[in-house]
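Residue numbers (my numbering), protein chains in the order written: chain E, 1 to 168; chain A, 1001 to 1363; chain V, 2001 to 2166.
Hints in this document: simulated from the structure, not taken from any laboratory.
Do not rely on the hints blindly, as some may be mistaken.
Stated by the list, open to error - Distance ranges between label pairs, derived from CB positions:
hint, chain 1, residue 1, chain 2, residue 2, range
1, E, 156, A, 1358, 19 to 29 Å
2, A, 1330, V, 2132, 30 to 40 Å
3, A, 1330, E, 88, 54 to 64 Å
4, E, 157, V, 2135, 48 to 58 Å
5, A, 1329, E, 154, 57 to 67 Å
6, E, 154, A, 1342, 31 to 41 Å
Note that CB positions come from ideal geometry on N, CA and C, so glycine has one too.
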Amino acid sequence: MRRGQTEMIGLVFIVVALLLGLLVYVKFSVIVKNPAGDLVDRARDVQQTSSFLVALKETTVPNCGGAPMERLARACIENDRSFCITGRPCDMLQELFENLVKVTLVKQGIKFNLSLEGTEVMVVSTDVNGDLDCVSADRSVDISSAPVGEVVLSGGSGKGYIRLSMCR
Amino acid sequence: MRRGQLGQSFQWIFVIVAGGAFLVFFAMLFRTCAQIGDEQIKGINIYSVSEKLQSGAWKGDTVEVVTIEESLASCPADSVTIIGGGQAAPMDRAPVFIPPALGGEMTIVTRRAEIARNTESPIIIGGVVYAFDQDTYYIVVQDIQQQEWRKLIDILPDGLNIKLISSGEVRDIENLQVPESAKTAVLVSTNPANLDLMTQGLKLPSKPDRYYGVMLNFKDTTSDGGGTARFYVREGDRFVPARKNNRLNYATYHLATGAMVAADYDNFRCANEAFTERLRIITTLHEFRARIISDTLLEDDQFRDPYCAANLRIAAEALYRMNTGDGDEVPDNEKYLELFATHSGKLSHVQRGLLDSGCPVIA
Amino acid sequence: MRKGQLQAMEPIIVVIMIVLIAVVALTYFVRLSKSEATIMASTMDSKDALAILQRASTLPELSCALSETQGTACIDLYKAWFMEILMNDPTQDMLKIRYQPIFGNTNVSVEIIKIEDGSSPFNPIQIYNGLAPGVDYTVTRTYFTIHEATTDGRAFAIMHIARESR
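Chain E on its own, in the form it takes in the complex (with noise of 0.2 Å):
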């Protein structure tokens, strides 16, 4: 090989090698925006949302013959005024979700937005300003976790939904 083409090989080596090394630390330098903390809050997310809804679910409505609180959001879909108390089961229901919220969810300084799907129950979480938090339809909000409790409705005529979105 003549010298000429040595160098030409070994300049050529030092650019890629430079161009890689440039490459790797760009990569390296973007994750530095603490990517465990992120996929850590995430898993506990997950994990704080199922296992919130699966207890809510099964939670006996006070005063109603045993009933447990899916039945009660089954009585809050179907609009059966029948179910138990006088007065409306989705008043109830906001209700009994906004007590247990304020224990769990806030107190824990969560972000969250707790509904029932196809009414208008619902409870979220606000910020120091008193503006909701955890809202859909705000594009900025980047939801870790929003599990679905289902409803079984009466004769099996299909499936509503306890939806708890946690969002950072």
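Got chain E sorted already, so can you dock chains A and V onto it with the hints?
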């Protein structure tokens, strides 16, 4: 080669070697930092077998096929430990290792130990892990009543090929229609006086190739209430003492709640005690709970239910007698197990009554 | 610079480049595996919390009556009280060893929430205390229900698991 070229090759070699040296140096430097993270997650791997067994497996039968190498039920302090493959992990349920031998591939089935088994709400008193070879046919030669045996059979897991014959039927052992190619293990339980009779009656050596092994169990009257077993494996046309795990211990009544087969009598006794201690905690808890609920249902206006209260009181009393040796004094483990056997029938009956009346049950 | 000097420096530059790339790549790799380790560790925490809940709720010492359970995590209230008494009884210290494989080095307590008003009718019941005293700890919460036999009701409950901080 011309001088210049040689020089150049050497230069590149020097470059590569120097670069490699630097690389290695830095790699070592960074490895030390990375290891700190490693240690924390190492814990996941240690409890390989135990983890499977402990993974909330009370819902019905859980079946795993696990290879246990050189496993022993070992009993340090008062917890039962399973040791396998160089790792040790404690277990919260009684182990049953049915011979032929520990080692190789075994099917592990976890089963609940229960009283009032056939009700909607059996009283769970613990758990049992069965480890056995699905390809082995186990023949138990024992003088227990068929109905007792039927009770036991109900408890043993599916996939365990086991059959009981009494010592009188022992001559028919070859007619049991065990598939030709199958391994057969015979478990004989008797007292020492009958031992010669039993081995004579077995007639095993006549077709030795059908039988994998024989386990003789006899009540050793010299030791305190335990049993000793010797396992013989076939070697050619003879049965010779098994090299490994030659001395195995089990007591038949433990088949119901978990037979502990250990490498030696001390291990057996230790595992037996660990299991019994736990059983006592559970039945004490049942008594405490039945009593409190009974009192609440009687005294608290909000929850008044005299009928359920009375029935729960009966349950509490039966448990009290079990836990305290009929009120005399706190029984030792051996005595407690006898009391357990006596009172568990009554408890099943009470449980059924509670269920049928819609009362809170013994849980 | 003269051509000769440049040529002489070539191998040195190559070595430097190799080292630089190696350093950057390794740093990246270490960061990645460290974060993986942290993620795994914390996911393990969350998974651990659920695993502890499942194991606890299926222990005969804590489980609801089988006729009660619908396959979901349920702990019997009276049994939880009993466990607390047992755990606090100094003559029963050996018990902790027995339940250590279930709970690990944690403090586990359960708290009932009355859904009527969000209050806790009593202090959290400590069903296990195996955390070494004086260590820094983090608390993971998971949710389930507690069965109360006299009313045959299920109350919303929180399981607090305190584990040593990493």
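Verification of the supplied hints:
1. Between residue 156(E) and residue 1358(A) the CB atoms are about 27 Å apart, so this pair conforms to the stated range of 19 to 29 Å.
2. Our hint of 30 to 40 Å for residue 1330(A) and residue 2132(V) holds, since their Cβ atoms are close to 33 Å apart.
3. About 58 Å separates the C-beta atoms of residue 1330(A) and residue 88(E), a value consistent with the hinted range of 54 to 64 Å.
4. Between residue 157(E) and residue 2135(V) the C-beta distance comes to about 54 Å, which sits within the given range of 48 to 58 Å.
5. A hinted range of 57 to 67 Å holds for the C-beta pair residue 1329(A) and residue 154(E), which are about 58 Å apart.
6. Between residue 154(E) and residue 1342(A) the Cβ separation comes to about 49 Å, which falls outside the hinted range of 31 to 41 Å.
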